[in-house]
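Here's the letter readout for the chains.
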Amino acid sequence: DIQLTQSPSSVSASVGDKVTITCRASQSISDLLAWYQQKPGQAPKLLIYAASTLQVGVPSRFSGSGSGTDFILSINSLQPEDFATYFCQQADSFPFTFGQGTEVDV
Amino acid sequence: QVQLQQSRAEVRKPGASVKVSCRTSGYTFSFYHLHWVRQAAGQGLEWMGWINSNTGGAKYAQKFQGRVTMTMDTASNVAYMELSGLRSDDTAVYFCARIWSLKYFDFWGHGTRVVVSS
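In the order they appear, the protein sequences are chains A and B.
Under my numbering, think of the first position of the first sequence as 1, with each following residue one higher.
Under my numbering, think of the first position of the second sequence as 1, with each following residue one higher.
Careful, some of the hints might be misleading.
Restricting the straight-line Cα-Cα distance to at most 20 angstroms, the calculated cross-link-like pairs of lysine to any residue (SDA-like) are [stated by the list, open to error]:
(1) Lys39/A - Leu102/B
(2) Lys103/B - Phe94/A
(3) Lys45/A - Lys63/B
(4) Lys45/A - Gly44/B
(5) Lys103/B - Ile72/A
(6) Lys63/B - Ser93/A
(7) Lys103/B - Gly66/A
(8) Lys59/B - Pro95/A
(9) Lys39/A - Tyr32/B
(10) Lys103/B - Ser63/A
(11) Lys59/B - Ile2/A
(12) Lys103/B - Arg61/A
(13) Lys39/A - Asp106/B
(14) Lys45/A - Leu102/B
(15) Lys103/B - Thr53/A
(16) Lys103/B - Arg24/A
(17) Lys59/B - Arg24/A
In short, the hints are calculated from the structure, not lab data.
Please model the complete structure; the sequences and the hints are all you need to start from.
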């Protein structure tokens, strides 16, 4: 199985900050990676797919980059509604796997 | 609009089975496969398997092989996930999710909480 390791596991930030989250795969997955945002009591929401493509309706302050084994999710100018947990997911092969999550809090 | 409506929370005793439903609407059922993902409290996301919405064939994560069965009713656009031999560590929220481009989960159900307790 492909392991995904996110860092940091949590980050404290303020409104207006830039936040960067990394996701490292245990083997190359090309650009077959997605990022999801999850708020307490809610289902995950797709933010970015194919490593860098923004899902329709997602604000442009979110961006993704990377390929192979190393990926980055960036949030520019953090907004109050961005405080949540973020997960990466690999779509290279079954079983699909997720990173352990990164909590962005105040 | 696309919606995935899941069944209500369930409580089961260890060793029992649970069947969770996922009623879809707002799109053509056969165009998108459905996956199941679970999340224990305060934990990450765990992929369980998927069902081919055209053929009804299913594929499961090795961890759940022999305990999980995924089925569907195309007449009512509903998918089901049944987990048997429940243990306390099966206590989790179970999500169904539509997969887009065979890779990414673009719509999710709201989740069904399953509690396994004696």
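Hint by hint, here is what the structure shows:
no. : hint               : result
1   : Lys39/A - Leu102/B : violated (25 angstroms)
2   : Lys103/B - Phe94/A : holds (10 angstroms)
3   : Lys45/A - Lys63/B  : violated (25 angstroms)
4   : Lys45/A - Gly44/B  : holds (14 angstroms)
5   : Lys103/B - Ile72/A : holds (19 angstroms)
6   : Lys63/B - Ser93/A  : holds (16 angstroms)
7   : Lys103/B - Gly66/A : holds (17 angstroms)
8   : Lys59/B - Pro95/A  : holds (10 angstroms)
9   : Lys39/A - Tyr32/B  : violated (25 angstroms)
10  : Lys103/B - Ser63/A : holds (19 angstroms)
11  : Lys59/B - Ile2/A   : holds (17 angstroms)
12  : Lys103/B - Arg61/A : violated (24 angstroms)
13  : Lys39/A - Asp106/B : holds (16 angstroms)
14  : Lys45/A - Leu102/B : holds (17 angstroms)
15  : Lys103/B - Thr53/A : holds (13 angstroms)
16  : Lys103/B - Arg24/A : holds (18 angstroms)
17  : Lys59/B - Arg24/A  : violated (26 angstroms)
The earlier numbered hints that this structure contradicts are 1, 3, 9, 12, 17.
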